[in-house]
Amino acid sequence: MARVTVRFFARYAELTGCESAAVSIASDAATVADVLARVRESVPGAQQLPARPLAAINRHQVRLDARVQDGDELALLPPLAGG
Amino acid sequence: MARVTVRFFARYAELTGCESAAVSIASDAATVADVLARVRESVPGAQQLPARPLAAINRHQVRLDARVQDGDELALLPPLAGG
Amino acid sequence: MTHLTREPIAVAALLAAVQGDERGGTCVFLGTVRSDDHVTAIDYSAYDEMALAEITTLLGEAHARWPNARVTLQHRLGVIPVGEASIAIVAAAPHRDEAFAACRYLIEEVKQRLPIWKKELRADGSATWVGQPT
Amino acid sequence: MTHLTREPIAVAALLAAVQGDERGGTCVFLGTVRSDDHVTAIDYSAYDEMALAEITTLLGEAHARWPNARVTLQHRLGVIPVGEASIAIVAAAPHRDEAFAACRYLIEEVKQRLPIWKKELRADGSATWVGQPT
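Protein chains in written order, with my numbering: chain A, 1 to 83; chain B, 1001 to 1083; chain C, 2001 to 2134; chain D, 3001 to 3134.
By construction, these hints were calculated from the structure, which means they are not laboratory data. Keep in mind that a hint or two might mislead.
[Said to hold, decoys possible] Okay, the calculated bits of chain A under chain C, using three or more residues with CB under 8 Å as the criterion:
| hint | stretch |
| --- | --- |
| 1 | 24 to 33 |
| 2 | 42 to 51 |
[Said to hold, decoys possible] Output of the computed footprint for chain B on chain D, the stretches with three or more beta carbons under 8 Å from beta carbons of chain B:
| hint | stretch |
| --- | --- |
| 3 | 3043 to 3052 |
| 4 | 3074 to 3088 |
| 5 | 3106 to 3114 |
| 6 | 3117 to 3127 |
[As the list claims (entries may be wrong)] Among chain C residues calculated to face chain A with C-beta under 7 Å, some are:
| hint | residue |
| --- | --- |
| 7 | Gly-2031 |
| 8 | Lys-2111 |
| 9 | Lys-2118 |
| 10 | Trp-2129 |
Where a beta carbon is used, it is the ideal one built from N, C-alpha and C, also for glycine.
Based on the provided sequences and hints, a complete structural model is requested.
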């Protein structure tokens, strides 16, 4: 079982009213997409997240098919707008 | 007759020991090159000026065949090195 | 040098961090909040830890590409009023080509890669996230 | 804004002259005296009247080419120690492309066109005019 800390930023934090949520996934081979599906079920407002948000695991951008591991920090990132 | 003020800058002022010299030319159709020839004769050290220095009349760069007129300021400019 | 700050950016400190007697050309880019469309301020937020890691990576890339250049940058977060700088990038190098190139590289990468977001604030109290599909 | 000065260049004053609420990108170029070859300072001299006229022309050209940009520059004259700026160019524009382009244009033209000369001064008392055939 993988316990993942999911972090929401900027507009996504507004949509969910949440900055951080703990999500547990039973599978040994869970992906970002799996965590995202769980988040949509368990976090109110998360249904409004886009179908394919930018994601980062432990501060590195990853694709939605990347594997998550127990203890990972998964960040969901609105379109970047630095500068 | 044209009376021209010749100005020397930077290294040319060092070569001639002079910042400004009055030069008179009898011709009605004198050019920068004519004034330069007169300068070489009359200003000590001016023989060391290059054969074809940059020149400006009344603050505008000109070629050596440009005409000079009475009252003009002719500047002899070492290679530019601003910045 | 702290790369993320909630205070006004002090360009002099950034210059001091990169200039040196062998570096004759310095290029600075300042991005300031624009008054477009009745915006009075922009509220910048970041995924701080990832932004800092990414800034370190970017500066390292610039240094690898222009080894004689010294580069730094600072991004301001929080509510920044119109006219004030949200970002400053400074590149000093022996010659100006490298300074311009490194500075330009960094601002382009900053815009592409830093996990930073902006919410435009208007006089009428409305607010809009920048770059969001609506 | 005086474009030729014998005092240290104050970049803040140049920035204030061109920045504005509609201009979100500012590019600054600083040229500083390098310590190459035991140089301790450079003595800059100019044909002041022509240099000022040419600077006005250059700034006008940049403004014609990038109408939304505001540009200015200051060139310092006299003996400038290593590490201090001989020239500062500032271009502010609504977007960064114009700011970088205008700034780069101006420094290239300054180097080509201003009647300004430099004499490198060394610790051993020797001096060399820069760019002179010897």
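We went through each hint and held it up to the structure:
Counting residues of the stretch 24 to 33 of chain A whose CB lies closer than 8 Å to any CB of chain C gives 0, so the stated coverage by that chain is violated, three being the minimum. For the stretch 42 to 51 of chain A, the stated coverage by chain C is not satisfied: 1 residues place a CB nearer than 8 Å to a CB of that chain, which falls below the threshold of 3. Check on the stretch 3043 to 3052 of chain D: 6 of its residues sit with their Cβ under 8 Å from a Cβ of chain B, so the three-residue criterion for coverage holds. Given a C-beta distance limit of less than 8 Å, the hint that chain B covers the stretch 3074 to 3088 of chain D holds, as 3 residues qualify and 3 suffice.
For a cut-off of 8 Å, the count of residues in the stretch 3106 to 3114 of chain D with a CB near a CB of chain B stands at 6, and the three-residue condition holds. Coverage of a stretch by a chain is defined here by at least three residues with a beta carbon nearer than 8 Å to that chain's beta carbons; for the stretch 3117 to 3127 of chain D and chain B the count is 3, and the condition holds. Hint status for Gly-2031/C: holds, given a least beta-carbon distance of 5 Å to chain A, under 7 Å. For the restraint placing Lys-2111/C at the interface with chain A, the shortest Cβ-Cβ distance is roughly 4 Å, inside the 7 Å limit, so the hint holds.
Checking Lys-2118/C against chain A by beta carbon gives a least distance of about 5 Å; that is within 7 Å, so the hint holds. Look at Trp-2129/C: its Cβ gets to within about 4 Å of chain A, closer than 7 Å, so that hint holds up.
In summary, the numbered hints that this structure violates are 1, 2.
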